[in-house]
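Single-letter residue listing:
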Amino acid sequence: MKNLSVKIGDLVFRNPILLASGTVGYGNEISEFTDLNKIGGIVTKSLSLKPRKGNPPPRVVETASGMLNAIGLANVGVEEFAKNKIPYLKKYDTHLICNIAASSVEEYVECTKILTGEEKISAFEINVSCPNVKDGGLEFGNNLSAVAKITESVKAVTNKPIIIKLSPNVAKISEFAKVVKDSGGDAVSAINTLVGTAFNIRTRKPKLFNVRGGLSGPAIKPVALAKVLEIRSKVDIPIIGIGGITSWQDVIEFMIVGATAVQLGTINFINPKASELMIKELEQFLIEENFNNISELIGSYII
Amino acid sequence: MKNLSVKIGDLVFRNPILLASGTVGYGNEISEFTDLNKIGGIVTKSLSLKPRKGNPPPRVVETASGMLNAIGLANVGVEEFAKNKIPYLKKYDTHLICNIAASSVEEYVECTKILTGEEKISAFEINVSCPNVKDGGLEFGNNLSAVAKITESVKAVTNKPIIIKLSPNVAKISEFAKVVKDSGGDAVSAINTLVGTAFNIRTRKPKLFNVRGGLSGPAIKPVALAKVLEIRSKVDIPIIGIGGITSWQDVIEFMIVGATAVQLGTINFINPKASELMIKELEQFLIEENFNNISELIGSYII
Amino acid sequence: MFITDAIVENKTELENQIFLLKLYSPEISRNIKPGQFINIRASENNFPLLRRPFSVCDVEGDYFFVMFKIYGEGTLYISRKQNGEKINVLGPLGNGFNLNDNSKTALLVAGGMGSAPFSFLTKIFSDKKEIHTFIGGRSSHDVIQYGLKNIYISTDDGSLGFKGNVIELLKNKINNFDKSELKIFACGPTPMLKALKEFALNEKIECEVSTECGMACGFGICQGCPIQSANDENKFLLVCKDGPVFNVKDIII
Amino acid sequence: MFITDAIVENKTELENQIFLLKLYSPEISRNIKPGQFINIRASENNFPLLRRPFSVCDVEGDYFFVMFKIYGEGTLYISRKQNGEKINVLGPLGNGFNLNDNSKTALLVAGGMGSAPFSFLTKIFSDKKEIHTFIGGRSSHDVIQYGLKNIYISTDDGSLGFKGNVIELLKNKINNFDKSELKIFACGPTPMLKALKEFALNEKIECEVSTECGMACGFGICQGCPIQSANDENKFLLVCKDGPVFNVKDIII
Ligand SMILES: Cc1cc2nc3c(=O)[nH]c(=O)nc-3n(C[C@H](O)[C@H](O)[C@H](O)COP(=O)(O)OP(=O)(O)OC[C@H]3O[C@@H](n4cnc5c(N)ncnc54)[C@H](O)[C@@H]3O)c2cc1C
Ligand SMILES: Cc1cc2nc3c(=O)[nH]c(=O)nc-3n(C[C@H](O)[C@H](O)[C@H](O)COP(=O)(O)OP(=O)(O)OC[C@H]3O[C@@H](n4cnc5c(N)ncnc54)[C@H](O)[C@@H]3O)c2cc1C
Ligand SMILES: Cc1cc2nc3c(=O)[nH]c(=O)nc-3n(C[C@H](O)[C@H](O)[C@H](O)COP(=O)(O)O)c2cc1C
Ligand SMILES: Cc1cc2nc3c(=O)[nH]c(=O)nc-3n(C[C@H](O)[C@H](O)[C@H](O)COP(=O)(O)O)c2cc1C
Ligand code: FES
Ligand code: FES
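Chains as they are written, first to last, in the numbering used here: chain A, 255 to 557; chain B, 255 to 557; chain C, 9 to 261; chain D, 9 to 261.
Errors might be hidden in some of the hints.
Said to hold, decoys possible - Mimicking BS3-like on lysine-lysine, the simulated pairs with C-alpha atoms at most 27 Å apart in a straight line are:
hint	chain 1	residue 1	chain 2	residue 2
1	D	Lys-191	D	Lys-94
2	A	Lys-459	B	Lys-459
3	C	Lys-19	D	Lys-249
4	C	Lys-202	A	Lys-459
5	A	Lys-304	C	Lys-249
6	C	Lys-41	C	Lys-77
7	D	Lys-89	C	Lys-77
8	A	Lys-426	B	Lys-459
9	C	Lys-202	A	Lys-307
10	B	Lys-261	A	Lys-426
11	A	Lys-337	A	Lys-409
To be verified - Here are a few chain C residues that sit away from chain A, every Cβ distance over 12 Å (derived from the structure):
hint	residue
12	Asp-109
13	Asn-158
14	Asn-242
None of these hints come from the bench; they were simulated from the model.
Positions of the beta carbon are idealized from the N, C-alpha and C atoms, including for glycine.
Kindly generate the complete structure, drawing on both the sequences and the hints.
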């Protein structure tokens, strides 16, 4: 039996496969396809203090091997989440990571405070990088001292691990990872979506109501791998790799460049069984390549 | 007859289609497929003061709807270029734009000085953004004052238009475009490649000798469009749009978000006739949509 | 919901660029209802990346039908599938038409490819209700009558039937029917649904419409397909999960 | 150089996952020489994005042949092409084998799919030279003898012919030939070419090798395919343009 488990701080994940924020809602629909008990964990859609309606349509558009989304952080808000979504998720023996988005440091803190008492929540992932909200999202993700402030402030109100989800739309992502580490953050997630757009050439209007959206899917995998590698080679902090993963091979590739765990995003829309299916194949790979623990792969690149 | 010509400063291009640096060498091979007399212009492979051998293989690898390259600026050097490449290009009635890469401000200046006397050269495109050279490339592209310095210094030694080719690997590309404008630059090209990587999961080695490379091709088009739109909406400077163009529709899309002209890169490898073939279709589009001049499309987005 | 490889049993080109696919899949065929849809993976690779949604057009035992028009890359690829090939489908998705109302007469109103879901609905309603079908198209080539009955046709160019749009045609004919016993079921482009909503509300005729929206997932996890609720200003409904069929009263078109 | 749609005339699976395609294209067939290659577009869309390079395996009038093994996505797609379908090809590319030397005997040395270019070379050399062909494979399934003659076989697992690698086999047999009249033509994986180079230089036998390298364009515009020149430390040659066939003396393998 090969050991697929990985650790981030004191959290032990049964395998490195998590489901990414915004691509599985609050878990109920995807659980019809994937047995959540079999995967490492699930990250919620970004939650804000108050429910958010999100952007008008069109919110999604396909691009070459990718898609743009401008959902606008549509979510039920932390209270409704605690009341009506957590009970369902409690049925599953999997790590629940709560992703939080906010437009001020205070709002991040308040959301965390409200939720930190929930036993089911294993960790918080702080989204400082959503490019779709005009009132803050991108600004925080691009500002080192804002990221430091958010990390510290949120750490101060919870004992649960804090994972900061970094924006790729910066020149040096490792500087942000360093700030997270120095501010007491437990891990970073990399990457969120790249800023992109698309226009209809006949109407000359944007294909997204919000004009700009976030690019995800296989198209961005090379960029995501480079960001993970950059962080890994410069900062000693656990990394959750995200971006364009569609196969077990991609999972391995992310781990090799330095990810301790990974999150699957866009692939869930195409094959909501993907996460569960990868697990067997990961084990097979360990057998073929003679590893006992998948964690041996983390940052095992040979340059 | 529809008018496909566009202007950047005093330069008139017969149509907005140029061929991008590093994807057509010095024009001789591609001229077997595309009549260079029919297109707007051709940008040379980045030239440095001395010839550069470039990186060992592997230099290229395919990714989802894209490719990574780490050529390492292999080029013949400015002198050999002037002596042996320009004479061939003189046969064509098309704009020759010389792309220059260097590892110091002085080297940029010297290259420009050496070439500025060549009548055939219509403009210089200054590559401050090649991510593949360790001794400077990326640093310049990420540093506002370096970009200012380079622009000014190069402008000082030539009367030809100076186009600065911007790196997309920055948080706010429009800040760089602004600096170019303020330093006397005539136009910007956007974008160069995104930093990316890929690893072989069996050997755990990078698929590129240089580890990191530049991502190009359709995968990056949404990012490139967003960068062009960002510049267009913040800075009043002509933009040459680049990134993932494979069809005439893509050309129109770039013009709508603000590009005055475009460059074709990766598509030349797949269909070296692409540039010439697009021209007829652009004209057809103008007829269908009732434009007389293609330049009416520039920045014509409706938001 | 199932993810399954359906097998192409037959492919017919009904009109230029409009295809009818007969697909073998007991899971889908035995569980899907009129107005529900399936999400098709057009290729095995990243191009096209996302699935493409299609209404179920008809069901015969273990077979279901999809009727579609070539629109872009995805539909082009699907149109090239040969008999015996597999097509990966996810479904049944969404909520179909309400099959349990007690109206006596159903008016089916379709614009263009909007006729796709009505063959199946016609079959299910046949022994319960009187059915009349209104189809509008730009020209005669857009009017697909497959599996429909008591058909009234309009075309924008007048090449077939009434010259004008299908809502105009419906207005012309509405007095032929006893309004108190009527219900309208509609599917088509947004401007048509908009005009229809106004008409139905004015005339106080019950009306369900099948809506469309760009989708990424098709089953409620991406939040990509919002439609404004008519009952709560602060709420978007999801076309894929709360729809695609809605009572016109519940949405703002 | 042409960019043209070649038409699939015939497809044969020679071994499991190894195919021979017969393609109609007068432009390519009438202009290509042994050792040259063509660059194939595996699909019309962005996936796979780049063309895939293949040696010309043989030519018959207006037809040329490509022999390939399924390796990844690109070769998989090409293997699915049906008779009558078009395949977009760009070529002829690169420099082939030197056909004008005056050696009396040609030893063709192939590793795995490296036998691909030798059917055509055999045909061209047949009336000029004596030909002997050495083929190595991991097992008998990797040994393709299509269009070759006077064949000596090695397999790593001993399932066919000599147990060992093809260079060992060549060394065993070399004394059967008059070295002064010999020339070696080789194609195969880099380690094989490396061993062969050493052998050929030691034995002072003229030797040309067909090399491989990841490519983006195939015709000299991307600089993606360097190979170290043996004559100038500061120079890379391009496999696609200066090669793929080189005299072993000119390159560092
Ligand atoms: C619930 C539902 C049921 C549908 N049923 C049918 C049907 O029975 N027959 C039929 O011909 N068409 C139907 N459509 C429309 C069909 O999904 C689109 O024509 C198809 O997705 C176009 O894909 P493409 O790749 O050919 O076009 P592309 O232009 O390449 O697609 C581009 C993108 O736009 C989206 N898109 C394009 N057109 C539409 C559209 N009209 N509605 C929603 N998204 C669109 C696609 O999802 C895709 O991501 C239905 C759509 C929905 C939402
Ligand atoms: C000059 C030349 C002639 C060739 N002739 C033949 C032939 O006659 N028969 C044959 O079976 N194969 C031949 N090959 C190898 C063939 O090009 C590869 O097997 C093919 O490109 C693999 O593509 P794929 O999409 O199936 O694999 P993928 O793994 O999807 O390809 C990945 C990438 O790696 C590159 N690549 C993978 N393998 C090779 C390789 N061995 N050499 C160069 N690039 C590679 C491809 O260009 C592609 O970009 C030749 C290669 C070259 C350079
Ligand atoms: C439709 C959609 C919605 C998303 N919503 C969120 C979100 O609410 N919060 C967040 O942190 N990331 C969000 N993301 C980003 C993903 O979590 C992930 O970082 C990104 O999609 C890259 O991974 P992928 O390429 O595997 O999709 C969203 C992505 C998509 C496609
Ligand atoms: C193989 C290759 C080599 C390149 N070399 C250069 C270069 O020397 N100088 C430069 O400014 N850009 C270079 N580029 C970047 C292109 O000019 C262009 O900016 C980029 O490829 C994006 O366009 P595309 O997606 O159309 O390829 C190179 C790109 C490729 C693919
Ligand atoms: S399409 Fe994803 S939620 Fe409706
Ligand atoms: S493959 Fe492009 S130069 Fe050789």
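Check: Between A/Lys-337 and A/Lys-409, is the straight-line Cα distance small enough, at 27 Å or below?
Finding: 23 Å, holds
- Task: Starting from C/Lys-41, check that the Cα of C/Lys-77 is at most 27 Å away, please.
- Result: Given pair C/Lys-41, C/Lys-77 holds - Cα atoms ~21 Å apart, limit 27 Å.
Does B/Lys-459 sit within 27 Å of A/Lys-426, going by the straight-line distance between their CA atoms? 23 Å, holds
Next item on the list: Decide if the proposed pair is consistent with the structure: A/Lys-304 and C/Lys-249, CA atoms, cutoff 27 Å inclusive.
Entry: 23 Å, holds
### Message
Between the alpha carbons of C/Lys-19 and D/Lys-249, is the straight-line distance 27 Å or under?
### Response
Given that 27 Å is the threshold and the Cα spacing comes to 47 Å, the pair is violated.
- Query: Has the given pair, C/Lys-202 with A/Lys-459, been kept, meaning a C-alpha gap of at most 27 Å?
  - Reply: 22 Å, holds
Given hint B/Lys-459 paired with A/Lys-459 - CA-CA distance at most 27 Å | 44 Å, violated
Does C/Asn-242 sit more than 12 Å from chain A, CB to CB? For C/Asn-242, whose nearest Cβ neighbour in chain A is about 6 Å away, the distance does not exceed 12 Å, so it is violated.
| field | 27 Å limit on alpha-carbon distance, applied to hinted pair D/Lys-191 and D/Lys-94 | value | Violated, at roughly 38 Å.
message = Run the distance test for C/Lys-202 versus A/Lys-307: straight-line Cα separation, threshold 27 Å.
response = With Cα atoms ~23 Å apart, C/Lys-202 and A/Lys-307 stay inside 27 Å; holds.
Item checked: B/Lys-261 paired with A/Lys-426 [C-alpha distance capped at 27 Å] -> 36 Å, violated
*12 Å cut-off, C-beta based - C/Asn-158 kept clear of every residue in chain A*: 35 Å, holds
Of the hints listed earlier, those the structure fails to meet are numbers 1, 2, 3, 10 and 14, in rising order.
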